[in-house]
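Asker: Residue numbers (the numbering used here), protein chains in the order written: chain H, 1 to 336; chain S, 1 to 119; chain P, 1 to 158.
Worth flagging that the hints you see were computed from the coordinates, not collected in a lab. Keep in mind that a hint or two might mislead.
Mimicking EDC-like on lysine to aspartate or glutamate, the simulated pairs with C-alpha atoms at most 20 Å apart in a straight line are [what the hints assert, rightly or not]:
#  : chain 1 : residue 1 : chain 2 : residue 2
1  : H       : K5        : H       : E147
2  : P       : K25       : H       : E323
3  : P       : K18       : H       : D128
4  : H       : K30       : P       : E26
5  : H       : K252      : P       : E26
6  : P       : K18       : H       : D200
7  : P       : K25       : H       : D200
8  : H       : K274      : H       : E147
9  : P       : K30       : S       : D26
10 : S       : K28       : P       : E26
11 : P       : K120      : H       : E147
Across the chosen pairs, the derived CB separations fall in these ranges [what the hints assert, rightly or not]:
#  : chain 1 : residue 1 : chain 2 : residue 2 : range
12 : P       : N16       : H       : N96       : 34 to 42 Å
13 : H       : N133      : P       : E121      : 37 to 45 Å
14 : H       : S160      : S       : L20       : 15 to 23 Å
Far from chain P by the CB rule (all over 10 Å, computed), these chain S residues [to be verified]:
#  : residue
15 : L20
16 : Q52
17 : P53
18 : R118
Don't be surprised by glycine CBs; every beta carbon is placed ideally from N, CA and C.
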Amino acid sequence: MKTDKKRGMQTIALSNPPVLAGWATIVGPKEGESPWQNYYDKILSDYMFEEDTFEKAESKILRETIKLVVNKNNLQLDDIEVFLSGDLLNQTVSSNYAARELEIPYLGLYGACSTMAESLVLASMLVDGGFYNKVIAAACSHHYSAERQFRFPVEQGVQSNPTNQWTATAAGALIVENTGIGPYITNLTVGKVVDMGQADIADMGSAMAPAAVATIKQHFADLNIPSDYYDLVITGDLGSFGMAIAEQLFIKEGIVPQPNYTDCGAIFFDKKQKVNAGASGCGCAAAMLCGPLLNMMKIGKINKLLLVATGALMSPITSFQGESIPAIAHAVAIEN
Amino acid sequence: MGPLLNAFLTGGGLCLIGQLIINLTDAKVTPSHILVGYITTGAILSGLGLYQPLVDFGGAGATIPLSGFGHLLAQGSLKAVETSGLLGAIKGGVEAGAAGITAAIVFGYLAAVIFNPRG
Amino acid sequence: MSEVNDVTKDALKKINVKEYGNLVKEMKPKRALIPDLIWAFVIGGLICLVAQFIQNQFIINGVSILDARASTAIIMIFLAALATGLGIYDILGERAGAGTIVPITGFANVIVASAMEFKKEGYVFGVGAKIFNVAGPTLVFGIVTAMLIGLIKFFLIS
Chain H
1 MKTDKKRGMQ
11 TIALSNPPVL
21 AGWATIVGPK
31 EGESPWQNYY
41 DKILSDYMFE
51 EDTFEKAESK
61 ILRETIKLVV
71 NKNNLQLDDI
81 EVFLSGDLLN
91 QTVSSNYAAR
101 ELEIPYLGLY
111 GACSTMAESL
121 VLASMLVDGG
131 FYNKVIAAAC
141 SHHYSAERQF
151 RFPVEQGVQS
161 NPTNQWTATA
171 AGALIVENTG
181 IGPYITNLTV
191 GKVVDMGQAD
201 IADMGSAMAP
211 AAVATIKQHF
221 ADLNIPSDYY
231 DLVITGDLGS
241 FGMAIAEQLF
251 IKEGIVPQPN
261 YTDCGAIFFD
271 KKQKVNAGAS
281 GCGCAAAMLC
291 GPLLNMMKIG
301 KINKLLLVAT
311 GALMSPITSF
321 QGESIPAIAH
331 AVAIEN
Chain S
1 MGPLLNAFLT
11 GGGLCLIGQL
21 IINLTDAKVT
31 PSHILVGYIT
41 TGAILSGLGL
51 YQPLVDFGGA
61 GATIPLSGFG
71 HLLAQGSLKA
81 VETSGLLGAI
91 KGGVEAGAAG
101 ITAAIVFGYL
111 AAVIFNPRG
Chain P
1 MSEVNDVTKD
11 ALKKINVKEY
21 GNLVKEMKPK
31 RALIPDLIWA
41 FVIGGLICLV
51 AQFIQNQFII
61 NGVSILDARA
71 STAIIMIFLA
81 ALATGLGIYD
91 ILGERAGAGT
101 IVPITGFANV
111 IVASAMEFKK
121 EGYVFGVGAK
131 IFNVAGPTLV
141 FGIVTAMLIG
151 LIKFFLIS
């Protein structure tokens, strides 16, 4: 039994494509030095954001981004019927505590760095299904709160690897509405968890690349569209090495989205910013989407975009136990 | 100049071995593994009588690396066995390393009280 | 179900885990070995040279060799704690690698860095509990090994 919205195995074609009515993003200081700085709404001058812990700062970044997107659209917080958000911290506390202040009905999500796509997938389904008219989808991450949860203490002298990625300090929030003007969300592909046995926590890119490629391939097959259909196919945070691996897999799989393929993590920072393989974290795909990408869609520089946010779903505990890294990727097609 | 040069060469050499291990394992060996590995190896070599010659040659170049700390603990334990028997094996190691351990805890705690991590 | 095209399963069949592992291994960028080794050797050597210099001063002033060694270690630990607090040690460590891990200053660095990191969780469950996060295993293995060596000697002489 297939519904009238389901296409193929994993893809949903939305019958009343929801509108992306507004978007906003706030990024950290280092992130604000990147080539994309003019596309961000606000660049923080320090990582604490006037709070006394990194966790509180992260939550505040998310909260302020949501307030910002509501303001930009001349709405009140009460106009938002539900918001969906997630982050990297245990029990998704940044989103939980942001929700405490905002007093908007809230659904917390965990999809690691794929959270922006996950929240967007669910938000557009809720709107397309007629359950809500105005929904916010959001995601955030903070470099220093993530470092202390996943890696070494900040002041410990540890050498970095060329495959290391810098968790972005950033939040992005989008308003998804049932009617209006703006880019539309047309198709969604919900990814499967793919684990190709990679266990190197200093190299998330090669753990996530197969998941991204599987979802992209499934998306094209389910919709039966050519692989050059989109102006841009952009993965979440594979980084420059993960992106190189993904390109190899594309060739093996016989799909060639090049030259219209790139990766948010690989282009998020300038090479001069010394971040090894690039950026990662929920905030990476969130800020790229809510900053440069959607603004380029607005002026018609990009008309058909496929965002494939990728997430590595391990925890420090499973890593210590020697488990490999399971990865996921969800695809969201946004068209003018 | 002799002792200083020997300390430089011995200490540098011990660090070079550690770096070689890190690079050849693609950093799967973390700093924690290096510290654990050096203290344990130092203690074992010391027990076999192989570390003392390195200390005689390299001075601080052999005692400052963590393998030297393992040597200190092992020698403490061995000496205490001679005077206190079985009890010596239990108390000797920590007794010998007490200065370093206490200094690390006290300075560590103080630094945490005074300084904040950057960001 | 015939029109349904489940490519994910095909994809996984086409590239098996082992093949993928080889592809990743082949392509993975590595740190340049020779500069890393030189940095580790030089910085690690210099730290030990400074320690030797300090130790010599103690000995010149008539301190016994064992006390001179212990006092030198305390001074080196203090310097490392200060450099960690000021945010210098990790910058040096990024370049020097094992050169700043292997000396006792590296041991002091992990203790201070862990303690500082968890300050916000309070002085008991934060600083107090986490101070040995990384250095704890080192002491556990060092102390247990030393005791075993003592025990072996005890049974050999008795």
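Asker: None of the hints should be skipped; say for each whether it holds.
Answerer: A quick look at each hint next to the structure:
no., hint, in the structure
1, H/K5 / H/E147, "41 Å, violated"
2, P/K25 / H/E323, "18 Å, holds"
3, P/K18 / H/D128, "42 Å, violated"
4, H/K30 / P/E26, "32 Å, violated"
5, H/K252 / P/E26, "16 Å, holds"
6, P/K18 / H/D200, "15 Å, holds"
7, P/K25 / H/D200, "11 Å, holds"
8, H/K274 / H/E147, "17 Å, holds"
9, P/K30 / S/D26, "7 Å, holds"
10, S/K28 / P/E26, "17 Å, holds"
11, P/K120 / H/E147, "15 Å, holds"
12, P/N16 / H/N96: 34 to 42 Å, "40 Å, holds"
13, H/N133 / P/E121: 37 to 45 Å, "42 Å, holds"
14, H/S160 / S/L20: 15 to 23 Å, "18 Å, holds"
15, L20, "7 Å, violated"
16, Q52, "13 Å, holds"
17, P53, "16 Å, holds"
18, R118, "5 Å, violated"
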